[in-house]
Amino acid sequence: MSAYDLFIAPFMDYGFMRRALVACLCLALGAAPIGTFLSMRRMSLMGDALSHAVLPGAAIGYLVAGSLSLTAMGIGGLVAGLSVALLAGVVSRMTVLQEDASFASFYLISLAVGVLIVSLRGSNIDLLHVLFGTILAIDNNALTLIGTITSLTLAALAVLYRPLVIDCFDPGFLRAVGGRGPLIHGLFMLMVVLNLVASFQALGTLMAVGLMMLPAAIAQLWARTLPAMLGISVATAFISGYAGLVASYHLELASGPTIIVSAAIIYVVSLLFAPSGLMSRYFRRPHLAN
Amino acid sequence: MSTPAIALDNLTVTYNRHPAVHHVSGALARGSLTAIAGPNGAGKSTLLRTIMGELKPAEGTIRRAVPSRNYGYLPQAADINRRFPVSVIDTVVTGAWKRAGAFGGIGLAEREKASEALVAVGLEGFETRPIGSLSSGQFQRTLFARLLLQNAAVIILDEPFTAIDSRTTQDLIDIVLRWHGEGRTVVAVLHDHEQVRSYFPQTLLIARELIGWGPTEEVMTTQNLKRARALAERWDENAPVCEVPA
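Residue numbers (numbering that gives the first Met the number 0), protein chains in the order written: chain A, 0 to 289; chain B, 0 to 245.
Be a bit skeptical, because a hint or two may be false.
Only pairs whose alpha carbons sit at most 20 Å apart, straight line, appear in this in silico SDA-like list of lysine to any residue [said to hold, decoys possible]:
#1 K55(B) to T11(B)
#2 K97(B) to G178(A)
#3 K97(B) to I183(A)
#4 K97(B) to V78(A)
#5 K225(B) to G178(A)
#6 K55(B) to L159(A)
#7 K97(B) to H249(A)
#8 K55(B) to V158(A)
One-sided excerpt, in silico: chain B residues whose CB lies under 10 Å from chain A [to be verified]:
#9 N39
#10 P66
#11 I130
#12 S134
#13 A152
#14 I155
Don't read these hints as lab results, they were simulated from the structure. These numbers were taken from a predicted model, which means no experiment stands behind them. Where a beta carbon is used, it is the ideal one built from N, C-alpha and C, also for glycine.
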């Protein structure tokens, strides 16, 4: 088997592999930077909670469309995700519950309702599709949706970059100069939900955050400046997507989990060998004179 | 006399209905340099946060000559995420917010001003250092450089010299005096009575209610300080409703 057969042929021969690869590229460009900002805001697990919250909306979309229409499920997921994000925000402002506590409550409610709706009508196969994604079944409509979300995300990040960065490290300053921190936070949460919707089409609700948070964690292990982190997160997300697709094609594995496992392998290697990783603890380099 | 920079009229600020600032009236003249003194729990930070618009008065009003978003504000132990990967110069440049806003470009001129501000606070050569690698004194110098860049007419400092060594404190006090010389209105919460007496012509002594507000030597008397300590410690969970007429 030549290198061409191994690395390029799958994408030359099959349209579904090409579409899956483009979807991975889109997710890498959009979701990975969002994940980096999420973890910079110490909200890593919030993304996870939100991804579960998307489920009932996707399930209702699935019921209304009567089939696995990724567009209908995407729109449903968007509505559900935004509702949970808004409700959690409102509850944390109006009651003693912190934002993470109200998030946890709402996503559990949402997840349970979602699984109920799917099991009411669909077969277990459908439930598996919703939970674990169908990256090889992405059609042109779904790809358009994902591409649109990625374009919106990149444009929004470019426009909001400055207030978003300041809100991450010094929210008090943004408040003092009248920088509309809550508005920035709201727009950012909107981007998180949008990218989860894009991601869940490919990876399912359970692993939608995979290409968001793992590359973000990897990037933080290697880089010390924000632009470098964002670049590394995009690169590792795309490499994971590509490697996962190739491996799943040749080894006949489920593609969604293989993509996440690829990211996980990069993560573990980074944990060991990155400048601030575990190996540096055991192989100490001599300290500097000044 | 010109209109004051900030005027407080019968200001009361409460937490769970208990007053933290109680019936305080007075004015900060434009260009004045005022220390706010008082024991812990006297409502000093509460007063500043109310002036900044972060807390709403339960009673009374604040009149500001310019809106508080144009003030330079250094909160107590600023809740800044020091592990965030941002450089010293980028932190200082955020002080250009009033001119550049969220979207405006930050040109070479602002960058140069930021570099000059770093020189002024004694952090020349620290431009590209991440803020996480700074000592607390160096970080406080960075925040002062940002205040320099903000070029605000009113500057509000909440315990700016806490946990800072004496040399850094002296450098930063020199900057405060420079601001005063430039005609800016400066207010600082301070715990060191020596600093207050040496550098601040005006003092506001507070122990939830106003003890004294005026020339420092008239306010910082032994008798006033004793009274402030006694008042700040008074706390009654079941206090009756305050009947002082507005």
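Now for the hints, and whether the structure bears them out:
Pair hint K55(B) plus T11(B) holds up; C-alpha atoms about 9 Å apart against a cutoff of 20 Å. Between K97(B) and G178(A) the alpha-carbon distance is near 10 Å, which keeps this suggested pair within the 20 Å criterion. Distance hint between K97(B) and I183(A) is fulfilled; the C-alpha atoms sit about 17 Å from each other, no more than 20 Å. In summary, the hint linking K97(B) to V78(A) is not supported, as the alpha carbons are separated by about 36 Å, beyond the 20 Å threshold.
This hinted pair does not check out: K225(B) and G178(A) have alpha carbons roughly 42 Å apart, beyond 20 Å. Of the supplied pair hints, the one linking K55(B) and L159(A) is violated, its CA atoms being roughly 29 Å apart against a limit of 20 Å. Between the alpha carbons of K97(B) and H249(A) the distance comes to roughly 57 Å, so the proposed pair goes past 20 Å and is violated. A C-alpha spacing of about 32 Å is found between K55(B) and V158(A), which places the hinted pair above 20 Å, so the restraint is violated.
Hint status for N39(B): violated, given a least beta-carbon distance of 21 Å to chain A, over 10 Å. This hint holds: P66(B) has a C-beta 8 Å from the nearest C-beta of chain A, less than the 10 Å allowed. Given hint, I130(B) at the interface with chain A, holds; its Cβ is 8 Å from that chain's nearest Cβ, closer than 10 Å. With its C-beta approaching chain A no nearer than about 15 Å, S134(B) sits outside the 10 Å limit, and its interface hint is violated.
With 10 Å as the threshold, the beta carbon of A152(B) stays out of range of chain A, its nearest partner Cβ sitting at about 14 Å, so the hint is violated. The restraint placing I155(B) at the interface with chain A holds, with a minimum CB-CB distance near 9 Å, inside the 10 Å limit.
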